[in-house]
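Here is how the chains run, residue by residue.
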Amino acid sequence: MPKITIDGREIEVSAGSMLLPAALEAGIHIPHYCWHPKLSIDGSCRMCQVEVEGSPKLVIACNTPVREGMVVRTNTPRVENARRGVMELLLVNHPIDCPICDKAGECLLQDYSYAFGSRQTRTREVRRKLEKRKEIGPRMILDQERCILCRRCVRFCREIAGTSELGVFGMGDRSVLDVLPDRPLANDYSMNTADICPVGALETKDFHHRLRVWFLKKTPSVCPSCSHGCNITIQHYRNHIWRIMPRRNDAVNDTWMCDHGRLNYAFAHDTNRLRLPLVRRDGELRPCHWDEAVQTVARLLRDTVRAHGPASVGLIASAHLTNEECFRLAQLADCLGLQHVDTVVPLGKADGFLIEAEKAANGQGARDMGLQPRSGGWSWRNMLAAAERGELRLLYICGSDLVQVAEEGSWQTAMERVEHVIVQDLFLAPLAQRAEVVLPSLSWAEKTGTFTNSKRRIQRIHRALQPAEGQPGDGELFTRILALLSEGPWSFDPAAVLEEIAQRHPAYAGVTFAGVGPLGQQLAEGGLD
Amino acid sequence: MATRTVPVSRPAPLRGPSVMRAGVALLKGLAITNRHFWRNLWGFIRRKPTVFTVQYPEERLEHPPAFRGMPVLVQMDNGKERCVACGLCEWACPTDCITIFPAETEDEIERYPRVFDIDMSRCMFCGLCEEACPEEAIVMSHRVEIAAFSRRGTLWHKEDLLVPVSELEKTRLRHVRRTYGG
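Residue numbers (numbering that gives the first Met the number 0), protein chains in the order written: chain A, 0 to 528; chain B, 0 to 181.
Since the hints were derived computationally from the structure, they do not count as laboratory data. All values reported here derive from a predicted model rather than from experimental measurement. Backbone N, C-alpha and C define an ideal beta-carbon position, used for all residues, glycine too. Some clues are possibly wrong.
Computed from the model, here is a short list of chain B residues facing chain A with C-beta under 10 angstroms [claimed, not checked]:
#, residue
1, Ala84
2, Cys85
3, Leu87
4, Phe100
5, Ala102
6, Pro133
7, Arg176
8, Tyr179
9, Gly180
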């Protein structure tokens, strides 16, 4: 491990690493634009110049390997002068339209201009006129005037997405970032280019002119759109999600996420969401009190099991439930002695990178918690078939993924033939309309708990949006139903439930909220029931 | 319920010379009021008022340039607002009385406020929005009439807030430039 000295501080760095990442790791900030931890080194911005003892010229920290006994200075007048010069040149053709730029507030050019730039412009020349608001893809807009040609996006498309749509055309001061006319920036990861763009040149259409970034509150979470479990930050304001951004986790998603996951959030703050439970009376679904709905569900479950046995009840769980909720739901199934228990997981295409085939976050967790067919139990497909034959008396369905996955018409006939249907979902359409009792559920953005991804990594989600006043979460509902069906002090506190899980399931032994932490915890292989 | 009596010392009631003094002061005051009444009436009849009374709302005083009335949006000669919905005033506002929703236009300046509302019942006329504005688009005008018959009436929308630049140029804009530069 070589030792180097930066600004009089001696730090130990790993051999072969470059100066910039070593300094950043030690908490010494060297300003930079083109360097990115997950991309190759470009060395084009010249912002990270530092003074190295024994070297006649300034060197760029991003492309200088560390050497034993190296003495580096990052704040000498020479370095500061060089930075000021770089900033001045970068700003020569920048439009400085910060008031209308969506990047304002999180823009590196802005930040470094305040920190290292000079206050005045010395140029009187006319600034370059290039294409603004250019649609370069279905989800992206390019403003060429704002671009500082750091080529992070170019490298991203070449190295990470592997599609190479973006390129820098022209030479010298005529260089322009652009796409080829017949190859739009349309890959599944295109919106990451907006994240890594240090200025406002690349913007997502989704967030274009929506909200100033300084209003956003940030809540760490996990993407609910597939079982890869990309770490994300939910950025919200006034109980409304404005955008989703990836959060760095080198064990899961580095600093990236797919466009589909990024755009799949509007359902959480949709005003058509179910906020009150409904019970069917005189053929019509009417809002009722929470207690009444829970009591009706408990009564229907108990009466059906007593009259026709546990084999007459089917339970179809959702892969969008957290581990804690799944655990309580499994306890509910155990308490009634149900055997027909299954989880519906919608399937789609996988790409071997960040997009998995299971299009819900917690299929793995639901299976781990025991929400799968017990001995002699049916899968959800068989449950629907049995319902069509009239062999099921009661069907309890969580979530509406069934509609996407089941064959057209099969779930409708099944629901018509079953005596009692209980649905727990976010929206009334399409499933809940046909139910006898409807319990509103909460979206992932309103819940606290854990998800287990396809590689058995358990990760935390946090509440970003506030649910309606007095609206209980899914786990709370399961617990209240349980409390009516069996003795015992039942309560639902996600942290406490996770401890119960840790005791009950060997694979989750020793798992706690604190232990899972912000970056998750890998569960041991095997040891599962 | 148990009661508790607390002895309180009260000043003695006015008697003798102090009553006389109070009566004299009262008469003096009445004499002044009387004198002004007759003088004003005489001035009113001769149409040469001798007192400083402004016949509001027919007459209005000119406010000094530094006066901060209600915040308004500057309307350019083409009828559009100068505001680009950057949101800095919304951020600067200590009472959170400004609400802006930006949108895109085909104009040269691609961004404009689709919604720009100011809740005048919350505004405290501090002028921080004006100071924060990079476009000289929101200024503290010399307008002061913000009374309304309902709470809803105190919510001013963009159309109500637009004031032609010609009116503001002479009064406030010059002062803004002198104070904040630019």
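TODO: Return the status of the interface hint for Phe100/B: holds when the least beta-carbon distance to chain A is below 10 angstroms, violated otherwise.
DONE: With Cβ-Cβ at 9 angstroms, under 10 angstroms, it holds.
- [ ] Using 10 angstroms as the Cβ threshold, decide whether Gly180/B counts as touching chain A.
- [x] violated (12 angstroms)
- [ ] Could you check if Pro133/B really has its C-beta closer than 10 angstroms to a C-beta on chain A?
- [x] holds (5 angstroms)
Open item on the list: Under 10 angstroms is the threshold here; is the Cβ of Leu87/B close enough to any Cβ of chain A for the hint to stand?
Closed with: For Leu87/B, the interface hint holds, since the closest Cβ of chain A sits about 7 angstroms away, which is under 10 angstroms.
Task: Hint check: 10 angstroms Cβ-Cβ cutoff, Cys85/B to chain A - done: holds (4 angstroms)
Task: Restraint outcome when Ala84/B is required to lie within 10 angstroms of chain A by C-beta distance - done: holds (8 angstroms)
Task: Tyr179/B as an interface hint toward chain A, with CB separation required under 10 angstroms - done: Violated. Min distance 15 angstroms.
Open item on the list: Checking hints one by one. Is Ala102/B an interface residue toward chain A, by the C-beta closer than 10 angstroms rule?
Closed with: Hint on Ala102/B: holds, closest Cβ of chain A at ~6 angstroms, below 10 angstroms.
- [ ] Grab the minimum C-beta distance from Arg176/B to chain A and call the hint holds if it beats 10 angstroms, violated otherwise.
- [x] violated (18 angstroms)
The structure is inconsistent with the numbered hints 7, 8, 9, although it conforms to all the rest.
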